[in-house]
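Participant: Residue numbers (my numbering), protein chains in the order written: chain V, 585 to 931; chain G, 585 to 931; chain D, 585 to 931; chain L, 585 to 931.
If you're looking for bench data, these hints aren't it; they were derived computationally from the structure.
Model, not experiment: these values are computed from the prediction.
Some clues are possibly wrong.
The list cannot tell twin chains apart, which means a pair is met if one copy fits it or any two copies do.
To be verified - Simulated crosslink set (SDA-like; lysine to any residue; CA at most 25 Å straight-line):
| id | residue 1 | residue 2 |
| --- | --- | --- |
| 1 | Lys891 | Glu924 |
| 2 | Lys891 | Tyr923 |
| 3 | Lys702 | Ala909 |
| 4 | Lys891 | Gln921 |
| 5 | Lys891 | Thr920 |
| 6 | Lys891 | Ser789 |
| 7 | Lys702 | Arg595 |
| 8 | Lys891 | Ser699 |
| 9 | Lys891 | Glu682 |
| 10 | Lys702 | Ala849 |
| 11 | Lys891 | Gly816 |
| 12 | Lys891 | Arg803 |
| 13 | Lys702 | Gly795 |
| 14 | Lys702 | His786 |
| 15 | Lys702 | Asp885 |
There are 4 protein chains.
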Amino acid sequence: MTLLSAPATRRIGLLTSGGDCPGLNAVIRSAHIRATRAHGAELVGFRNGWRGILDEDLVAIDDRFVEGIGGRGGTVLGSSRTNPLEGGSTADVTAVLERHGIDGLIAVGGEGSLSAAKTLADGGVPIVGVPKTIDNDLGGTDYTFGFDTAVQIATDAMDRLLTTGESHGRCMVAEVMGRNAGWIALNSGIAVGAHGILVPEHPASLETIVGWVRSARDRGRGPLIVVAEGFGLPDGQLSVRGHEASGRPRLGGIGEALAPMIERATGVETRAATLGHIQRGGTPSAYDRVLASRFGSNAVDAVIEQKWGSMVSLRGTDIVTVPLAMALAGLKLVSTQRYERAAYCFG
Amino acid sequence: MTLLSAPATRRIGLLTSGGDCPGLNAVIRSAHIRATRAHGAELVGFRNGWRGILDEDLVAIDDRFVEGIGGRGGTVLGSSRTNPLEGGSTADVTAVLERHGIDGLIAVGGEGSLSAAKTLADGGVPIVGVPKTIDNDLGGTDYTFGFDTAVQIATDAMDRLLTTGESHGRCMVAEVMGRNAGWIALNSGIAVGAHGILVPEHPASLETIVGWVRSARDRGRGPLIVVAEGFGLPDGQLSVRGHEASGRPRLGGIGEALAPMIERATGVETRAATLGHIQRGGTPSAYDRVLASRFGSNAVDAVIEQKWGSMVSLRGTDIVTVPLAMALAGLKLVSTQRYERAAYCFG
Amino acid sequence: MTLLSAPATRRIGLLTSGGDCPGLNAVIRSAHIRATRAHGAELVGFRNGWRGILDEDLVAIDDRFVEGIGGRGGTVLGSSRTNPLEGGSTADVTAVLERHGIDGLIAVGGEGSLSAAKTLADGGVPIVGVPKTIDNDLGGTDYTFGFDTAVQIATDAMDRLLTTGESHGRCMVAEVMGRNAGWIALNSGIAVGAHGILVPEHPASLETIVGWVRSARDRGRGPLIVVAEGFGLPDGQLSVRGHEASGRPRLGGIGEALAPMIERATGVETRAATLGHIQRGGTPSAYDRVLASRFGSNAVDAVIEQKWGSMVSLRGTDIVTVPLAMALAGLKLVSTQRYERAAYCFG
Amino acid sequence: MTLLSAPATRRIGLLTSGGDCPGLNAVIRSAHIRATRAHGAELVGFRNGWRGILDEDLVAIDDRFVEGIGGRGGTVLGSSRTNPLEGGSTADVTAVLERHGIDGLIAVGGEGSLSAAKTLADGGVPIVGVPKTIDNDLGGTDYTFGFDTAVQIATDAMDRLLTTGESHGRCMVAEVMGRNAGWIALNSGIAVGAHGILVPEHPASLETIVGWVRSARDRGRGPLIVVAEGFGLPDGQLSVRGHEASGRPRLGGIGEALAPMIERATGVETRAATLGHIQRGGTPSAYDRVLASRFGSNAVDAVIEQKWGSMVSLRGTDIVTVPLAMALAGLKLVSTQRYERAAYCFG
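Using the sequences and the hints, build the whole thing.
Facilitator: Quick look at the structure:
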């Protein structure tokens, strides 16, 4: 490997922003190792996302700092949902970076964070992005880290629900993450062999769902339906239950709303399980550790090559850089073809 | 090993009753192997708990039936909450056993089922019990299978919650099983190093809980509180939030009720996670597979020895038999000493 | 989805060949569901790979046959290393298929099996391939199922080795699968943060390895070296130890040969762990279940579309079909760039 | 809880000695919390076992030191196999403790370490022991931490081997830990449903083993034999293979010696898997974390109560203290009754 312009770039900043995601620490660790070993540069971390920029809250990253963190969940740098353009300005960010001698900034974050990064980059701030979304709904990259772990956790949990459902002839409704895109529901549903998969992108009536449940029960199975949190029944169907009327979405997501509807329509005892926060914490899967490590390592190269306004991205088996705009051009949704193959095959 | 009265006992029945529990299949498997290999006897299963008795719904159990089931969750015989003394009588049960040439019946179940088994045994039905409770609250035995698996699942889930809480400086409230006894909360709380453990047996005021959360936060931790589903705040404290008033306990257990109270009192962002049904299904832990296998094997011996009205029990490292009455003499609760050591140590 | 020529194709055969691989059962299950639900066709299985063709050993596959198998390791159809062109001929295979009314055959297998499939297809046999290799060294597809599971198992095992190594200041040498290609070593090594990665494709001298071990030890770590089973030291270095001279490769793979060499050269106590067969059995990861399910489903479509001589393949996020020849054009190896980035970053 | 003589005891030392064991960190953590929270005392650690005593290598333990360590494998204090009575004397140890104002010492270790602890205690050194053995062969306590984790790891690994064996009709021989006592083989063998269990305490001829393998194969299973590393065939049988003659026990344990013998005698293809070091590292099971936490907490109480020469012990569900001599009175072996029930039932 050729050392690229090491003399010109001495100091790289990094921050992790938005909801935590298994793999963030692997990004930090591998960025440090790449910066120091391959480029003779130094990595410094900003604490708690963009807030660390605004507060000038920095931490030096050395070998000891990253020891053994690659396999741990969360982010040792902390995170926040601070928007740098609300509490500050492009000039403020530039000033902070200059004051601390930082030649380039790696921003690891989701749609909001990358959108801010693009605005900053357009304004001349030397930024490179690393995409982060557990829901797998960011454009411009095949996958991001955290998603594989979330699918695995949901699959493990549903493997457990299946045996309970079977023992009692019960229907289980498992609610997984996915506000706008149903990738976690789709993949965990395929993996576990769910009898029905419900995603935000594709409508399904109560009658369809009831048909899935009856079909599984008639084959002697305890039916399992996986539903993304962002799924909604067609107009009118859910309001029958007064779900929306409750005004308390946290105390009764779509899974808990569907369960009694299914039970009433089919006569099959039905229980809901909301997987919630356990999907996003803890030890990342090996897949996510590898992907996050590659992102971190390549993001450092992008900084060295001064590819400002770009982000690292997985394309097939390669890590490439693409313009930040590609991540922001629209959510990556489950296509009709992908959904129908799964729903048709496993429903 | 001496073959005991094999000629006198040719056919042993077995049923699994009540909520499913990891390890039931290991009981079935090892009972079959012990019956056939050690005693030259035969094991038959009744489907769906006591309902299988009332409906005379039997299945022959052979080597193929038990192949590879030891590591699977649920029960291949199915289960139900049917009470044999509501749908039938002692005479009915006796008649069914006689009609099918069954010399002794192994009933695997919880408090309700063992209570029925005792009444039947008192009335002359040849029954031996195997205790089953995920909550670990049955008397007469050190532990039962399923509990270790539930504690492990809760621990794994909370390990994940901890990293999310830390990344965001958030407080997480994890609600685990335990209606009357807090054993799962106690042990998983100790295992994960929770900052507070709440169990049904021991009161804790909101002020105490808030103190735990503040103390953890002041040490720079994302606080984690584990609460058994049966825990309640002292009179008056919970009603402030209108929790009881909601009349919908399933859409908001104690964890979801506590979270906003903690957040308001401490200013620390707080989220609830209800582990629910994933605690009781799926692959049993090795510990539970061993305990369940020993229970099944020894229950067959108890039948051969005609120890009617007894149940198998773990005492230290030994499997013994005790009168069924011992399991019914009162719930096994977390003692003040055990609770205070854990709360004091880890709070 | 349009039903394609369902009347013309009524019966599809499937066989699994070569070493077992987590995900085979998910292929079988999803091929059955796609065949019956989407195409009105029927799936039959040949037992024990190509031997089932030669022996005309078929089994009907129905809903019950595939119930719950998606998450289980191994293959319910059995496997063998039989080569259909050694025990039989193209005409024999054609005759068997015709005799049983099979319109197309899905062959799931590795390089040997796909090579036979290509010869048969060239001879007019209606065959579609599904690539299978735990080592990830088949060309023509980004990934195959089984690889992700193996990397995860190796990562989990090495996470365990790391803590033992650290407690004792010991160096651990973990030998993983990979005869010709070092993908498992590369990815598990990145995931676990190994201090050195050794693959068959890239030479590394004992001096290099010793440097890695010393560097890790000097930073206070228990060094961890991961080595693919097919790695060899440069000429002369290994023979010093008489490794090759032993003539008993199974009682002392490369890991066990390296350990004492490292210990002698560094003075650091060194132990080898050979992961062996546990890398290929058991529950597949969610990733592998999804990929295998997609392969199975799409292979059925390829049969319906009569794409004889093709195989299903992962390209980015899409499943496509490619000529079988693409899988056979040469092993997919770890590139110098990929290796150096990992070795440089983590060594 | 009553604070016991806190003024008299201000400083407690702790060391971890011998092979590492999952749960050591939970002992350290809970000892610190108990000492500081319940007794107003202070815990200091000696690094690398008894060597830390001889070298006066101490580390202060505070809240930050124990943060999040309970779930990690290994020991943050390091370990060694140093014998304090070889490198030093009772007077030396006493002098070190006095020089650092340490009122009592907690020694966590196995047979060798507890034996040294007893000699020191007999000589007036204020010592309390915590038993540590993965093999579960120490007397005086029902169980020790680490054993449950090792059994779980072995069970998980053998679950994987079973599916590989079945797919190929192969016999798998899994070698697990257990030099003198076969507890890990016994319990993991029961848990996984092994077709034969071999332990050091009980002889089994090659003919017996071959009978197990044939019986399993005749029922259509891939036979699985679990063997403790300390098992040996009767005189004469193993030497046929020249196993002992090799003089290289590490390159061919009993599992690798048995595999070809079984294959030759049965004609069933047979493979060995040696689980090795992965059994002792990594995240402890919830069971072991709880037991280790209770041991650590109660060991501090024993120091406060000046129960010198005692060790903490699990009796049923209680933690008690017993004289150190009880741990040294003889190995805890698998009884004939326990072995025969398992071998007879599952063979």
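Participant: Hint by hint, say whether it matches the structure.
Facilitator: Hint by hint, here is what the structure shows:
no.	hint	result
1	Lys891 - Glu924	between (39 Å within a copy, 22 Å between copies)
2	Lys891 - Tyr923	between (36 Å within a copy, 24 Å between copies)
3	Lys702 - Ala909	within (7 Å within a copy, 44 Å between copies)
4	Lys891 - Gln921	between (36 Å within a copy, 20 Å between copies)
5	Lys891 - Thr920	between (35 Å within a copy, 24 Å between copies)
6	Lys891 - Ser789	neither (47 Å within a copy, 36 Å between copies)
7	Lys702 - Arg595	within (21 Å within a copy, 55 Å between copies)
8	Lys891 - Ser699	within (16 Å within a copy, 44 Å between copies)
9	Lys891 - Glu682	within (18 Å within a copy, 60 Å between copies)
10	Lys702 - Ala849	neither (49 Å within a copy, 39 Å between copies)
11	Lys891 - Gly816	neither (41 Å within a copy, 39 Å between copies)
12	Lys891 - Arg803	neither (57 Å within a copy, 33 Å between copies)
13	Lys702 - Gly795	neither (47 Å within a copy, 42 Å between copies)
14	Lys702 - His786	neither (31 Å within a copy, 40 Å between copies)
15	Lys702 - Asp885	within (19 Å within a copy, 42 Å between copies)
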